[in-house]
Amino acid sequence: MATNAYVPHAAGYVDNEGPKIVSSRFVHDDAFLLERSLATGGYEGLKKALTMAPVEVHDIVRDAVLLGRGGAGFPAGIKWGFCPPGKWPMYLVVNGDESEPGTYKDRLLMEMDPHQLIEGCLIACYALGLSQCFLYVRGEMALAQERIAHALNEAYEANLVGKNILGTDFSVDVVLHWGAGAYIVGEETALIESLEGERGMPRLKPPFFPAAIGLYGQPTIVNNVETLSNLPWIMVNGADEYKKYGSETSPGTRLFAISGHVKRPGVYEAEQGTTTFRDLIYGDNFCQGMKGDDELKMFIPGGASAPWFFPEQVDLPLEARPVGAAGSMLGSGAIVIMDESTDAVKACLRVVRFFARESCGKCTPCREGTTWEETLLRRIYDGHGRPGDLEMLLDIADNISPGPYPGAAWEEQGVEAIPFPPKQTTICPLGPSSVAPITSALRRFRDEFEAKIPQRTSIPVSAS
Amino acid sequence: MARFTPDNLELAHEIISRYPRKKSAVIPLLHLGQEQDGYVTNEAMEHIAELTEVTAAEVIGTCTFYEMFKTHPVGKYVINVCTNISCQLNGGEELLEHLEETLDIRSGGTTADGMFTIEDYECLAACTEAPCMQVNYRYFHRISNDEVDGVLSDIRSGKLADTIPEHGVLQRVRQTIPAGKLAGIAPPETVVDAPVWMARNEPILAARAAAKAAEEAAAANKATEATEANEKGDA
Ligand SMILES: Cc1cc2nc3c(=O)[nH]c(=O)nc-3n(C[C@H](O)[C@H](O)[C@H](O)COP(=O)(O)O)c2cc1C
Ligand code: SF4
Ligand code: FES
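Order-wise, the sequence lines are chains G and L.
Each step along the first sequence adds one to the number in the working numbering, with nothing skipped, and position 372 is 633.
Each step along the second sequence adds one to the number in the working numbering, with nothing skipped, and position 204 is 258.
These aren't lab readings, by the way, just hints derived from the structure by calculation.
Hints may contain errors.
Covered stretches of chain G, going by a simulated chain L footprint (3 or more residues, C-beta under 8 Å) [unchecked claim]: (1) 314-321; (2) 350-361; (3) 388-402; (4) 436-443; (5) 471-482; (6) 522-532; (7) 602-616.
Using C-beta positions, here's what the derived DEER-type ranges look like [stated by the list, open to error]: (8) L:Thr118 with G:Thr636: 20 to 30 Å; (9) G:Lys308 with L:Ala215: 40 to 50 Å; (10) G:Pro280 with L:Asn199: 33 to 43 Å; (11) L:Ala267 with G:Lys308: 29 to 39 Å; (12) G:Glu672 with L:Pro257: 56 to 66 Å; (13) G:Pro682 with L:Ala240: 34 to 44 Å; (14) G:Glu278 with L:Leu236: 36 to 46 Å; (15) L:Gly204 with G:Glu556: 33 to 43 Å; (16) G:Arg628 with L:Ala272: 52 to 62 Å; (17) G:Asp555 with L:Asp61: 52 to 62 Å; (18) G:Gly302 with L:Ala111: 43 to 53 Å; (19) G:Asp290 with L:Arg228: 16 to 26 Å.
Yeah, the Cβ is synthetic: ideal placement off N, Cα and C, and Gly gets one too.
Full structure from sequences and hints, please.
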């Protein structure tokens, strides 16, 4: 019964066949407790790291080609190397603001295994000489906040965090910080603004990335929760072992949230690169096919910001490069499956409405553009569209993201794929993201939009 | 109602002490204000401004950016229904409609008895568990209309009081750092040196630098040998 507010077990996680790097403890209801964590190898990665020099730890992470799991997929080891040498203090900000529509994984990691995340943070702080770590958890996630608070209290008590960790010269404070509801705060520079107590509006970058000028103007590493949760395993097992999973350019596993019209929606840990979308949607080990065995109409491969894919793309591997070349992105590992019954205009409107609501308002093309996009789509959906509305929609989209917008190929119609990423006239990628559903839906289902726009019939003039 | 109570003031000081700069505590303190009064009052914002040494206008500026902060009273139980894409595909909008009809309010509204507020919310990170909703930020997954009715009556009868605190209360478990365990939090401008453990890099970096220098010297040697050989060949 749903009165079970505190969904105690990892609700949504499916414990299927396959390697478990970050979700190994999800099968235990009490994995958020230090006792269970320690009994199942918790903090062994930290202990091992502490026997090495910090640079050696950094080398292992670089060798492992640990790709960022927050959206951009940038290798963590390389990002860590961007900090200007000798500029102290440096900070770690953990991005736990998960709010990209379709994305559900960081919350699980924070609720189910907070110690793994804390251990990952400590390994990063040790490797780079970071002075303090802020764990920024999305405001709406009350249980995640409570479990992290509890885990930190236990870890401080057990001398795993704080002063002279495990009796060594390594000391660092990990502080729980929590947001208050704003999607844009997930963008790393907005996250930093928010952590400074400001309105969560992105900063212009380039020239300065957080690794050079971040929190309080100091070098700052921003990493996603899942990225950091991989570190304990990598420290214990080594980079070579990690690279045995997945493909060469996308090693390891990822948590994929597959939602929408499938038989067994859920969060699955799957190897990157070697698994395909088809495996996830139709495989027995994953979602087991479309709900009601209906036909697939389209799917979003990497969160609401990603251009849509269609049945022709299901055989692509879950790997950044081929997905990017095919016109979209793996983003945050959020795959939304839509069957034939889905109204393309309605789905498009809903996603665009999200971006219009969440635009921070700092730059004009996004603030005004997303609002207009929503207005036009709303009136088309409501049956009040006017001739020329579709052109206007595309024109507004072009003001936010000029040039052909990335998208999937449509061989039948001779449409070629336009590779990711899009261009932008805006400060951050949120504005351009609002264009993804529009161009995706319009290129493929223009007839559905047109059918909703009333045709003007000419008034007959009687001949006298 | 309004300024922090003595207990909350103590808590506020503790929260502020965890940040290198006081202003970073503004959002956590706004949550504390909301927890105390059910929404963020002007007096609380003024108090936060004093505590963090910024102007009240800055606190209001920050406060009004974030969806969770309510600057006017809301229901004791705020129900967020996700209608974003994954939930829309699996009945999120119907769930919202059902709630609106049952409680006889539109999203954004509060029932006359002050018990419930409904919000048409964005993705709650439970997309595979659609349709989903939160009551005061506690999750309900794959919830049917009948179950929603059950939840409403359980809340009314007080059955869920232990699982769902009143609006404003987020963390019933808070972080506390015991004295003596703190590594030390300092304003950034006072930290100039590398953390002590970074000294462990020195022998390794020195060895690497030496190896690199030796390699370069060897390469340079080879190059001169090669040119000498070339010159000889030319001669
Ligand atoms: C609009 C926008 C929203 C984002 N939201 C998130 C988020 O919720 N969580 C996250 O980890 N990264 C998010 N990102 C990506 C971050 O900016 C950043 O790339 C990431 O946290 C870096 O961590 P990683 O390298 O470990 O992936 C967002 C980016 C943009 C542009
Ligand atoms: S693109 Fe949109 S969200 Fe990003 S900075 Fe500009 S207005 Fe804000
Ligand atoms: S779309 Fe509803 S929780 Fe993500």
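Beta-carbon spacing of Lys308 of chain G to Ala215 of chain L - inside the hinted bounds 40 to 50 Å or not: 42 Å Cβ-Cβ, so the 40 to 50 Å window holds.
Coverage claim, chain L over the segment 522-532 of chain G, checked by counting residues with Cβ within 8 Å (three needed): With 4 residues closer than 8 Å to chain L, the segment 522-532 of chain G meets the three-residue bar; holds.
Within 8 Å of chain L (C-beta), three or more residues of the segment 436-443 of chain G: holds (count 8)
Claimed coverage, the segment 471-482 of chain G by chain L - three or more beta carbons nearer than 8 Å: holds (count 3)
Outcome, coverage hint (the segment 602-616 of chain G, chain L; C-beta under 8 Å; three residues): Check passed, 6 qualifying residues.
Consistency of beta-carbon spacing, Pro257 of chain L to Glu672 of chain G, with hint 56 to 66 Å: With a Cβ separation near 59 Å, Glu672 of chain G and Pro257 of chain L satisfy 56 to 66 Å, so the hint holds.
Residues of the segment 350-361 of chain G with Cβ under 8 Å from chain L, three needed, outcome: As far as the segment 350-361 of chain G goes, the hint holds, because 4 residues have Cβ atoms under 8 Å from chain L.
Whether the CB-CB distance between Gly302 of chain G and Ala111 of chain L falls inside 43 to 53 Å: At 51 Å between Cβs, range holds.
Hint check for Asn199 of chain L and Pro280 of chain G - Cβ pair distance inside 33 to 43 Å: holds, 40 Å
Coverage claim, chain L over the segment 388-402 of chain G, checked by counting residues with Cβ within 8 Å (three needed): Per the Cβ count (8), the hint holds.
Cβ separation of Asp290 of chain G and Arg228 of chain L, checked against the hinted range 16 to 26 Å: holds, 23 Å
Range agreement (Cβ of Leu236 of chain L with Cβ of Glu278 of chain G, hint 36 to 46 Å): Roughly 45 Å apart at Cβ, these two residues keep to the hinted range, so it holds.
Violated hints: none; the structure is consistent with every hint.
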